[in-house]
Amino acid sequence: MQKAGRIPDPTFSVGVEHEPPGGGPDENTFNIGVSFPLPIWNQNGGNIKAARAAVDQSRIALEQLEAQAAADYAMARSEYAEASARCQMYRDQTVPKSAKVRETIEFKYEKGAATLIDLLNAEQTDNTVRLAQDQAMNDTAAAAADLKSASATLSESQLRAEPLN
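In terms of my numbering, the sequence shown opens at residue 32 and continues consecutively.
Fair warning: there could be bad hints in the mix.
[To be verified] Below, a list of computed lysine-lysine pairs in the DSSO-like style, where the Cα atoms sit at most 27 angstroms apart:
1. 131 - 142
2. 139 - 128
3. 128 - 142
Derived by calculation from the structure, the hints in this document are not laboratory data.
All chains, full assembly: derive it from the sequences and hints.
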C-alpha cells in the first residue's frame, strides 16, 4: 500500500457560490477544480521503508516463535523418554527385586533367622520403591501431556522432520 501511495491521487472539486443581495451584485458562481500533485521530491520512501521494516520484524518474530516451539517440543520429547524409561525400570526391575527381598526377609523372620528390625527395614524399603514407581508413573503422565501440548503447536511437516528416537 505504501508503494501505491508514491503517486498521489488527483483531486477534483465542484462548487457553487452565491452572493447575497445587498453586498454587491447578485451573482451565482460555479467553479470546477482539478489538482494533479507532482511528487518530485516525495516518493513516500520513508513509509515504504517503515513497512518493509515491519514485515522483517514480523518475519523474525515468527521465526523465533517457531524455534521456541521446536525447542519446547524437543525438551518435552526428551523428558517423556527419560520418565518413560525410569517408569519401565521400576516396573520391570526395581519393584520385583524389592518385593523378592521383602518376601525373603519375611520368610527368614518366620523361621527365626532375621530380626524384626530387618523385616521392618525390608518393608520400608519396599514401600519406598513402590512410591518411587508411582512418582515415575506420574512423571511419565505429566511428560506425555507436555509432549502432546508441545506437538500441538507444531505443524505436521515440522513433526515429520523431527527424527524419532
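Notebook entry, point to check: Is residue 131 close enough to residue 142, meaning Cα to Cα at most 27 angstroms?
Noted result: holds, 17 angstroms
Next item on the list: Please work out if residue 128 and residue 142 have their alpha carbons no farther apart than 27 angstroms.
Entry: Within the cut-off at roughly 21 angstroms; holds.
Notebook entry, point to check: Is the Cα-Cα distance between residue 139 and residue 128 27 angstroms or less?
Noted result: Distance ~16 angstroms between residue 139 and residue 128 Cα, so the pair holds.
Violated hints are absent here; each numbered hint is respected by the structure.
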